[in-house]
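Chains as they are written, first to last, in the numbering used here: chain G, 17 to 315; chain H, 17 to 317.
These aren't lab readings, by the way, just hints derived from the structure by calculation.
Even glycine gets a Cβ: it sits at the ideal position worked out from N, Cα and C.
One or more hints might be untrue.
Chain G is faced by these chain H residues, among others (derived, beta-carbon under 10 angstroms) [said to hold, decoys possible]:
1. R177
2. L180
3. R183
4. A184
5. E187
6. A190
7. V192
8. R200
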Amino acid sequence: MILELDDVRVTLGGSQILQGVSFPVAPTGVTALLGRNGVGKTTTVKAILGLVPRTGTIRFHGEGLHRLRTHEIVRRGIGYAPEDRGVFAKLTVTENLALAERRGAQHAYDLVYELFPELKTRGAQPAGTLSGGQQQMVAIGRTLLNDNRLLVIDEPTKGLAPKVVTEVAEVLERAAERVPMLLVEQNLALVKRLAGDGVVLAAGQVVHRGPVSELLADAELTRELLGVGQARGVGQTLGVGRTLGVGQTVGVGQTRRERSDTSSHPAPSRGTTDPRSIVKDRQPPKEVSAPESTRSDAP
Amino acid sequence: MSTLTLLALTGLGLGALYFLIASGLSLIFGLMDVLNFAHGAFLTAGAYAAWWADGHLPFYLAVAFGVAVGAAIAAVVETALIRGLYARPREQILVTVGLGLAIPALIQGVWGADARTVTPPKALAGTVGLLGARVPTDRFVLLAAALAVFAGLKVFLAKTRYGLVVRAGVEDRAMVTALGIDVRKAFTLVFAIGGALAGLAGALGGVYFGSVSPGQGTSLLIFAFVVVVIGGLGSTDGVALAAIAVGLIQQFTNYYAASGLGDLAVVVMLALVLLVRGNPVLDRVAASVGAAVKSSVGRAA
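Okay, chain G solo, but in the shape it has when bound (with noise of 0.2 angstroms):
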């Protein structure tokens, strides 16, 4: 395995955001991280890089990073694009690129800008003046312009227009043939295109792992891991009685077992035995939207 976490435990701000997660990265391809808004998919990934204090242990080609600082992770091979993007809005396109070139390496600018012939054109441009589309290209184009091991890519179609996704979902796939990537999505269409394995999170832990394809054929499975279906706006359009009636009914085994003991700590529960806060938890509109927006783009 390329990465591995193991028992992964961090806290901010006095409350523990993530309680002991444990997966692999697989050495080829795309690996999911997926989960609802606010389970701890981005402070997995902030752990990772070293970016949040954390306990556990973490190897990397069989290296321990708990040791190292940020920048001695990265430098390790892994290409980082977060969230937030992370362009720096004063510094132009070009700037943006220059800052990740890693001293003693080749840089594959032209690979970047085959990719995004617009990050070219747009060189001298503040990054801050690009759209949220361009921003990402900015982002992603950062993590391929080294000879990276591994790629963390988190959230990149986030707030994007379908058209745009569609785009990016192009370049994540021609970089997943060159270099395994670990990527947190909420866009389910994005991630059955791209994903080999999944992990899936549940207030702070991992409560299922295996192939997306299975993941995401079972319907029921997916709601009730994901707070999102087949059917658009699951949550406006059954009742509580009927999402209940879900909750109680699906046997999960193992998984099932696992979502138990999670909401039996003390930490704030994203209550996922607790059909109330399963209702309370689905947020339609982005998270939902978005994948039947796309779906249609994406073969």
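Keeping the supplied structure of chain G fixed, place chain H upon it in accordance with the hints.
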């Protein structure tokens, strides 16, 4: 006319001095969120170093020695004391305020509390005739030094890799490290540059004021903070303009209103700027101090 010329050039000289202090302060706070209350002490150390060396070396080498001492003290302070405290604003403030008191006290212990006279070299002791006024030569030296520093900082920030890292770090420090850059090196460099500029301000300030004293740096620091707040963080242009404005207003008010009112005029100017424009710098300073207070309250609880 001759009075106006003299006042303007004296004010510009003072502004140049403020710029030398404030540009370092602004870079340090912009990049590292460290309110460096020890910056005035760096200046005093540079001033005394140049004053001491002036007895042994040619004047320009004495100034260079003052610059080197300022840079060295700043670099040592950053690596030994500040580095471990980046996430702890309260301790940062305590350390820099402590240094701001300890270094002048140490200097006072060695050389006494009285001001020591600085004897400028002959080339700087005279005056230059300009528009009917006899303007002391040292004003022009200060202005030339400030212009050179201004140009140098612009080139450093715009053209060098470290300058790029500093500009990016002012925006988002964590993201800089997430691109594989050891931002601590930039921290030490920026601190050392700030210390060097403070040392330069101290050495040339000694000539401007005609003497050095232990409290000199601290009293200049207050106006440098005002310049930073008006001028903006990490904005060399803004700091330069604000420094000129503060220097001129102070000088003209002292002459035309009443001696001493210049300081008050600067405070009024600061208040007006804040009222009209609001202030992101002050918001960030407030956030930084707020975090310090919060952390101390949190620990007390």
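Against the structure, the hints:
1. Because the closest C-beta pair between H:R177 and chain G is about 8 angstroms apart, less than 10 angstroms, the hint holds.
2. The criterion of a C-beta within 10 angstroms of any C-beta in chain G is met by H:L180, whose closest approach is roughly 6 angstroms, and the hint holds.
3. At a threshold of 10 angstroms, the smallest CB-CB gap from H:R183 to chain G is about 6 angstroms, leaving the interface hint in force.
4. Restraint check, H:A184 versus chain G: the minimum CB separation of about 5 angstroms is within 10 angstroms; hint holds.
5. Taken as an interface hint, H:E187 checks out: its beta carbon lies about 5 angstroms from the nearest beta carbon of chain G, inside 10 angstroms.
6. At about 6 angstroms, the closest approach between the beta carbon of H:A190 and any beta carbon in chain G falls short of 10 angstroms, and the interface hint on this residue holds.
7. A distance limit of 10 angstroms between C-beta atoms decides the matter here; for H:V192 the minimum to chain G is near 7 angstroms, and the interface restraint holds.
8. Satisfaction of the interface hint for H:R200 is found here, the shortest Cβ-Cβ separation to chain G being roughly 9 angstroms, below the 10 angstroms cut-off.
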